[in-house]
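Novice: Respectively, the protein sequence lines represent chains A and B.
Numbering-wise, the first sequence is residues -18 to 462 according to the working numbering.
Numbering-wise, the second sequence is residues -18 to 462 according to the working numbering.
It cannot be assumed that every hint is accurate.
The list makes no distinction among identical chains, and a pair is therefore deemed to hold if it is satisfied within one copy or across any two copies.
Pairs of lysine to any residue residues, derived as SDA-like cross-links and limited to a Cα-Cα distance of at most 20 angstroms, are as follows [stated by the list, open to error]: (1) K129 / P82; (2) K454 / F407; (3) K405 / R92; (4) K405 / P436; (5) K405 / A218; (6) K405 / S264; (7) K454 / L21; (8) K405 / F83; (9) K386 / M262; (10) K129 / N174; (11) K386 / G265; (12) K405 / L429; (13) K386 / L370; (14) K405 / N174; (15) K405 / R91; (16) K454 / R286; (17) K454 / V442; (18) K386 / P82; (19) K454 / E22.
None of these hints come from the bench; they were simulated from the model.
The structure presented is a predicted model; accordingly, all values stated were derived computationally and were not measured.
Each chain, letter by letter, is given below.
2 protein chains.
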Amino acid sequence: MRRIPTYDILSEEGLALIEANADRLLEEVGVDVRGDPVALELFREAGAQVQGERVRFPAGLCRSIIAASAPEQFRQHARNPERSVEIGGNNVVFAPAYGAPFVRGLDVERRYATLEDFNRFVMLSQALPQMHHSGGTICEPTDIPVSKRHLDMIYGHLRYSDKPYMGAVTSGERAQDSIAMTQIAFGREFVANNYCMVSLININSPLVLDATMLDALRVYAAHGQACLFTPFMIGGASGPVSPAAMLAQTLAEAMPGIALTQLVRPGAPVIFGLLVSGLNMRSGVPTRFDETWKCLLAGGQLARRLGVPYRCGGMTSTSKTPHVHAGMEGATYATYSMLAGVNFLLHATGTIEGGLCLSYEKSVLDCHYLGALGRMMDGIDLDQDEFGLEALAEAGPGGNFLATKHTLARYREAFYESPLFDSKPFEQRRDEGSPDAAQRANTELRSLLADYEPPPIDASVDAALQDFMAERKAMLPDSFA
Amino acid sequence: MRRIPTYDILSEEGLALIEANADRLLEEVGVDVRGDPVALELFREAGAQVQGERVRFPAGLCRSIIAASAPEQFRQHARNPERSVEIGGNNVVFAPAYGAPFVRGLDVERRYATLEDFNRFVMLSQALPQMHHSGGTICEPTDIPVSKRHLDMIYGHLRYSDKPYMGAVTSGERAQDSIAMTQIAFGREFVANNYCMVSLININSPLVLDATMLDALRVYAAHGQACLFTPFMIGGASGPVSPAAMLAQTLAEAMPGIALTQLVRPGAPVIFGLLVSGLNMRSGVPTRFDETWKCLLAGGQLARRLGVPYRCGGMTSTSKTPHVHAGMEGATYATYSMLAGVNFLLHATGTIEGGLCLSYEKSVLDCHYLGALGRMMDGIDLDQDEFGLEALAEAGPGGNFLATKHTLARYREAFYESPLFDSKPFEQRRDEGSPDAAQRANTELRSLLADYEPPPIDASVDAALQDFMAERKAMLPDSFA
């Protein structure tokens, strides 16, 4: 929960200008809705101009559809009710990385991720108290066929965690499987009346909504489940290179998708996501530095004006290891995300190589940073007792406060302490063999996994989930593409 | 120059509450002014109640003295006029670390700093374009007697840099020497009419102004030179442990010092500095995490209400090496400092071990981060051309923007690029031997020092500076304490 104000980088006039440009883009250029006649028809009925697969929207149309029914805040249920989360308003949910094909760690040479890695990361998010969410495709279980791995992932989230999770989005059929397994775990009626999944719909920038994605969207929206809409903008490649353009285009791409959920099922929760990258013109690699920081912040303002929760962040880095560059980049990104008023901080932990790889140690290190960020969000307590005037009178000029009543009553909780953030004197660290932060994180990682205990699950539910998986796997082809 | 808004963590009511508590502290407890009858007399004449060395101030007295004459902004001149800096308003000056007794680097085992290190750091700040200032006692030249090292440091700033610098503050006599050398370099009349030094006066928290510090303050103020006032608060040791108390006490300690400069010389520039630390109760080491971030931000608001420039920051860390923890801590601190509206970012680069040690590689790495921070401060350009609507119409849905006119006109300057922030693909880095960020910084460091050329100096000025040093050194004892 964020109790401090958001940081508004743009004025109301600036925001209106971005919105006007997004509207012009939707009206004059429009978006392509590819291979999906149902969506085209829904848009046409709502008042859009449809020519072939190109859809153009009169200014303000998408916004008014969204304003009519999309909720500002909703509760995503976890199978353990104590782990349910509020998404929207001043609430901030930390979710792990998403979609990394590779993993790496001090004990793991960089290689393709497996289901074992995936489940281990689920266990880590379960074990780390800073994490509110189990995420979705944290890393890709590449040892399982693409056609079947969604089943193992949903099972992993349900078996090794009791925190909320995300559904599969790579096809409507896989979305349907995700819903079926969620119905087994939560009960069919509960799922019909509550939000039990948030699923990530990426938009193919520039300006394309494709059938695969829309198919998954319609399945989730039809079941009243939440979606997270994120245009994936790379400035200079999938859109113009300027922050103003990246913001207007992101908004122009997200609004039709968000509006479509409302056309399918008015009131279905939907999150506005922003994910803009720069492009390093020498290496061709997307980067997330200076200009994208600005977009993070303005994106939060646009989301609030749109009246839906905001996703951005998190601690991503193009670094190859959890070293100083990763620390700088991740902390800056998380800080601006929080100040932007993020509600759903995806990629909150672990990402290196700009999303291609997931670092075991960084997953733990980032979590410890999030602990401090969480305290930051509490703001400054200005209760008169906090000023400690009696302690100041007691100690007086030149005095010491270590033993004042005021200090003794507060010192245990006064500051954030983490064994990974190194506050020991140099000599003490040297005598310990000078372990760096990654090595200390590795020690914590091993102990978290060694001490991990799966949350309880009803044996019949577990059996039903396994039966469902077996049945579906028997029907599905072994496709790795 | 910051072109984006400050971030205001507290409401006006919250700030007024902190000011009211600072006033109560000054009125009820007061400060000790130790060993300095001249300062006591100045305070008494101004309306304070003096009992022995204890000085109590009626509510609002210090603030009204400051408001009457302390400037909101001033220009610190460098000996190269192109390097002069504006301090105050929306200007942001980056200055290097201050006061580290130790140095460390990939080529330097951790050891006491020497004059050679000091001069090398001066050369680095001169060579790195991100740095606006040469600083003061960047590291302690421990191979030179304490009684004489101020001469070598001022000479180093003047000889190896043409950026602005800070004077000695460890005694009135050393402040006088700093002024004499500055008069040789700038001309006596110029120094009489312009601000050529900003010098750091730390206050001994809690609530003590001592003679050494006041002596230096009076020398600088009498010559119309600028001072930077920083109470050094360690919550739980030199003051209560709560952020509210740390803020009220910092304000209560700084205001009498700032007011004193105005009593000595109305209109002499003075900067309000905030430096609060937490205390790790296990190790006894000061830390600068969560709660101190809040203080950074609120401190900027208090400075603006006081009407004087603000010092806080910078990229300090308790880490022992420039690793991930140092990256997280430094980037967060610098980011909040900028958002706080910092005018003088001291310790902008290089600090590890909470200030005890200066890292060669981190000095370069931090500078590269400051380059991105500088771009962040430029804000978002909302000129209509930036929206790239023609490019979007040209590329259309599914198109590519690499070759649009809009991209081609902007791509060179579109994003911040630094060789230290690793945007190369994994395979390319692996083939280079996987150098980490510190190793890449080491390469840059060596090349900066190899290519370094001292700025031109008039030979007669150089000779006069050397003569002055020799003369003073012959008079001063060889004291190492």
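Novice: A separate judgement is required for each hint: does it hold in the structure or not?
Specialist: Hint check results:
In this assembly of identical chains, the alpha carbons of K129 and P82 lie at most 20 angstroms apart only when taken from the same copy (16 angstroms versus 60 angstroms across copies). In this homomeric assembly, K454 and F407 never come within 20 angstroms of each other (Cα to Cα): the closest approach is 56 angstroms inside a single copy and 35 angstroms across copies. Taking the closest pair of Cα atoms, K405 and R92 come within 20 angstroms of each other only across two copies (18 angstroms); inside a single copy the shortest separation is 34 angstroms, beyond that limit. For the identical chains of this complex, K405 and P436 are neighbours neither inside a copy (35 angstroms) nor across copies (41 angstroms), given an alpha-carbon limit of 20 angstroms.
Proximity of K405 to A218 under the C-alpha cut-off of 20 angstroms is restricted to the inter-copy arrangement: shortest distance 17 angstroms between copies versus 46 angstroms within a copy. Proximity of K405 and S264 under a CA criterion of 20 angstroms is satisfied inter-copy only: 6 angstroms between copies versus 39 angstroms inside one chain copy. Taking the shortest alpha-carbon separations for K454 and L21, neither the intra-copy value of 33 angstroms nor the inter-copy value of 86 angstroms comes in at or below 20 angstroms. Within a single copy, K405 and F83 get their C-alpha atoms only as close as 34 angstroms, which misses the 20 angstroms cut-off; across copies the closest is 16 angstroms, which meets it.
In this assembly of identical chains, the alpha carbons of K386 and M262 lie at most 20 angstroms apart only when taken from different copies (15 angstroms versus 59 angstroms within one copy). In this assembly of identical chains, K129 and N174 lie within 20 angstroms of each other by CA distance neither inside one copy nor across copies; the values are 28 angstroms within and 78 angstroms between. When the C-alpha separation of K386 and G265 is checked against a cutoff of 20 angstroms, the pair qualifies only between copies, where the shortest distance is 18 angstroms, while the shortest distance within a copy is 59 angstroms. Within a single copy, K405 and L429 get their C-alpha atoms no closer than 22 angstroms, and across copies no closer than 32 angstroms, so neither meets the 20 angstroms cut-off.
In the homo-oligomer, the alpha carbons of K386 and L370 lie at most 20 angstroms apart inside one protomer (12 angstroms), although the nearest pairing across protomers, at 64 angstroms, exceeds that limit. In this homomeric assembly, K405 and N174 never come within 20 angstroms of each other (Cα to Cα): the closest approach is 52 angstroms inside a single copy and 47 angstroms across copies. In this homomeric assembly, K405 and R91 come within 20 angstroms of each other (Cα to Cα) only across copies, at 16 angstroms, whereas the closest approach inside a single copy is 31 angstroms. For the identical chains of this complex, K454 and R286 are neighbours neither inside a copy (44 angstroms) nor across copies (67 angstroms), given an alpha-carbon limit of 20 angstroms.
Within a single copy, K454 and V442 get their C-alpha atoms as close as 18 angstroms, which meets the 20 angstroms cut-off; across copies the closest is 85 angstroms, which misses it. For the identical chains of this complex, K386 and P82 are neighbours neither inside a copy (54 angstroms) nor across copies (35 angstroms), given an alpha-carbon limit of 20 angstroms. Taking the shortest Cα distances, K454 and E22 never come within 20 angstroms of each other, neither inside one copy (34 angstroms) nor across copies (89 angstroms).
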